[in-house]
Amino acid sequence: MIGPQHIAIVASILVALSFPQTCHAYIDPGTGSYLIQLLIAGFLGALFSVKLYWRSIKGFVVSRFHERKGEAGPQ
Amino acid sequence: MKDPPSGFLCGHNGPIYHPFLFAVFPVVSLLAHNINEIWSYREPLMLTGLSLLSAFVLLALLFLLLRDWDRTALVVSLLLVLFHSYGHFIRLIWSVNFSILGLSVGRNLMLFPLWVIAFIVGVCFAGSKHKQVGKITQMLNIVALVLVVLPVTKVVARGVQRSRDLAIGEANSVWFPESHSFKGPPRDVYYIVLDRYASEKTLRDVYGHDNSGFLSFLRDRGFYVANDSYANYPRTVLSLASSLNMRYLGFLEDSLGRECEDFVPAGRMILDNLVGRYFKFYGYRHVHLGSSWYFTRRNENADVNFHGMMLPEFTRALYRTTMLFPVGEKFNLLGQASARPTFIVNKFEELTKLPGKRGPQFVFAHFLLPHHPYVFDRHGNTLPSSPNPTMVESGAKQKYVDQLIFANTMTMQMIDSLLVRSPVKPIVLVQSDEGPYPEGTDPQKGHFPSWKSASLTQHMQKSGILNALLLPGVDSTLLYPSLSPVNGFRLVFSQYFGADLPLLPDRIYAIERDDYPYSFFEITQEMEGMLVSDRF
Numbered sequence: 001m002i003g004p005q006h007i008a009i010v011a012s013i014l015v016a017l018s019f020p021q022t023c024h025a026y027i028d029p030g031t032g033s034y035l036i037q038l039l040i041a042g043f044l045g046a047l048f049s050v051k052l053y054w055r056s057i058k059g060f061v062v063s064r065f066h067e068r069k070g071e072a073g074p075q
Numbered sequence: 076m077k078d079p080p081s082g083f084l085c086g087h088n089g090p091i092y093h094p095f096l097f098a099v100f101p102v103v104s105l106l107a108h109n110i111n112e113i114w115s116y117r118e119p120l121m122l123t124g125l126s127l128l129s130a131f132v133l134l135a136l137l138f139l140l141l142r143d144w145d146r147t148a149l150v151v152s153l154l155l156v157l158f159h160s161y162g163h164f165i166r167l168i169w170s171v172n173f174s175i176l177g178l179s180v181g182r183n184l185m186l187f188p189l190w191v192i193a194f195i196v197g198v199c200f201a202g203s204k205h206k207q208v209g210k211i212t213q214m215l216n217i218v219a220l221v222l223v224v225l226p227v228t229k230v231v232a233r234g235v236q237r238s239r240d241l242a243i244g245e246a247n248s249v250w251f252p253e254s255h256s257f258k259g260p261p262r263d264v265y266y267i268v269l270d271r272y273a274s275e276k277t278l279r280d281v282y283g284h285d286n287s288g289f290l291s292f293l294r295d296r297g298f299y300v301a302n303d304s305y306a307n308y309p310r311t312v313l314s315l316a317s318s319l320n321m322r323y324l325g326f327l328e329d330s331l332g333r334e335c336e337d338f339v340p341a342g343r344m345i346l347d348n349l350v351g352r353y354f355k356f357y358g359y360r361h362v363h364l365g366s367s368w369y370f371t372r373r374n375e376n377a378d379v380n381f382h383g384m385m386l387p388e389f390t391r392a393l394y395r396t397t398m399l400f401p402v403g404e405k406f407n408l409l410g411q412a413s414a415r416p417t418f419i420v421n422k423f424e425e426l427t428k429l430p431g432k433r434g435p436q437f438v439f440a441h442f443l444l445p446h447h448p449y450v451f452d453r454h455g456n457t458l459p460s461s462p463n464p465t466m467v468e469s470g471a472k473q474k475y476v477d478q479l480i481f482a483n484t485m486t487m488q489m490i491d492s493l494l495v496r497s498p499v500k501p502i503v504l505v506q507s508d509e510g511p512y513p514e515g516t517d518p519q520k521g522h523f524p525s526w527k528s529a530s531l532t533q534h535m536q537k538s539g540i541l542n543a544l545l546l547p548g549v550d551s552t553l554l555y556p557s558l559s560p561v562n563g564f565r566l567v568f569s570q571y572f573g574a575d576l577p578l579l580p581d582r583i584y585a586i587e588r589d590d591y592p593y594s595f596f597e598i599t600q601e602m603e604g605m606l607v608s609d610r611f
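Note that the protein sequences, when read in sequence, are chains A and B.
With the first letter of the first sequence counted as 1, position 18 gets the number 18 in this note's numbering; the numbers rise by one all the way through.
Whatever position you read off the second sequence (first residue = 1), add 75 for this note's numbering.
Honestly, the hints are just simulated from the structure, not real lab data.
C-beta atoms are modelled at their ideal positions from N, C-alpha and C, and glycine is treated no differently.
Mixed in with the good hints, there may be bad ones.
Rough simulated footprint, nothing fancy, chain B against chain A, three-plus residues with beta-carbon under 8 Å [stated by the list, open to error]: (1) 29-36; (2) 40-46; (3) 49-62.
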């Protein structure tokens, strides 16, 4: 079965291959690419968190919606 | 009630592996970013092993305290990310000048407390009775996996392509000498490379410095100074690949293509160079006095390698991004804060000890002088190094001249010492591999110019070099002002060993872009035209 790990790996490979190569002739700390990778991983992590907490999020939204409906009911 | 998970690194929702991935990520990220400059994976692998071991030890120790793998792993991962990203954030906020009540606050003073606070908050969160810690582990596993897969993909993709490229490069570089022996008494041979040492003309016209004193010294000691010499290629990796293999690099352009971005095929020609192989063949002892630069730090073919206390370039780059770096600089941990100036001075001293040792010897010495960072004033006093090498330093021109004057002093002392101590007058080549970058064109300072549109004056500055040869007993009519580095060892081998290595036409090449090292175009005629017009 295809799990979130598999999707993450495929997405990462595609992103990595689309990164431009850099040339310095010196070893460069690569701050830009380091931070971009953190951002990409963070974004995917956030998406995965939404999936993990989907029930709670949905439950929270639905309960809030029902509360409002109840408040706006017949006077 | 659900049983607590048992077993090593078993979390509430499954296995935990993110701390190990967070430990590996900084190393593979650095490797992937610099994959075009790195030949051997030995150093990154050693650092990966060290990083994994640190993660393991941290996990084991913290588990004794927290007694919960999910929480322990969370704290360790947070610690690793903060530890390794510190230097990147320092670089990111480099341009920010921050002051409180008019007092300037250093970047470390701004960021260090923030990092400590972030860590404490993370530890408090991990220690709280948060029920979702198993889900956080799952999320961190995914995040860490993505982080590692991204750079590993780049490394593997380059590795596959490189195996093909190197096969082409090596097929073109196998070239064994015929059986000859030294004519007359065997002499030691010294190849001294002063990186980015400008030509006399550049020093006079661009830097306002009269270098005639140093050149007169060389002439007085019997050197021939090739006044109109230019680097055959305008970058160290190409220039040394060419001079140390006594050939032009057109075959790399032909086989790898003009858009190849990989420096390694040229760098490999420095690491395993033909000149060194020739001397080994002739029974010479090969002494390599490297620099901190990746491709000349060590030479596996050399009998003796000297690289001082300097950390290897890759390790140093990783070290600079950690929280250990500001502490290390402050307290001179491992002697790294003073490693560069000490290394340079020690290398000059080491050179003077070589004459008279079991020989004959071929000595290669690469000095990152007057190349920045500017760590010496003109009297040899050490200066605080610039904490950010990408920053354009104020007063860079004067600092360059001062460091060049110091390089002159050290070179003169070293040459006198070699001449006095050598039982037989040695062969000495003092050369620069390239000239300094014209203002606003240094790729290390964030510029990637198109050299195709550069002015002739800019080319002249970048390609004009110092080229002085002490060739005892060689007919001086063989030497001429535009003699270029590609012919230096051709002269040595043909004149002293009788090798059939005729001189090549002296050609000057530029590259279209700094990130395409094999995008050569010839500028010989234009440079010669400049020289002629200068004379009239």
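Provide an ascending list of the numbers of those earlier hints which the structure does not satisfy.
none
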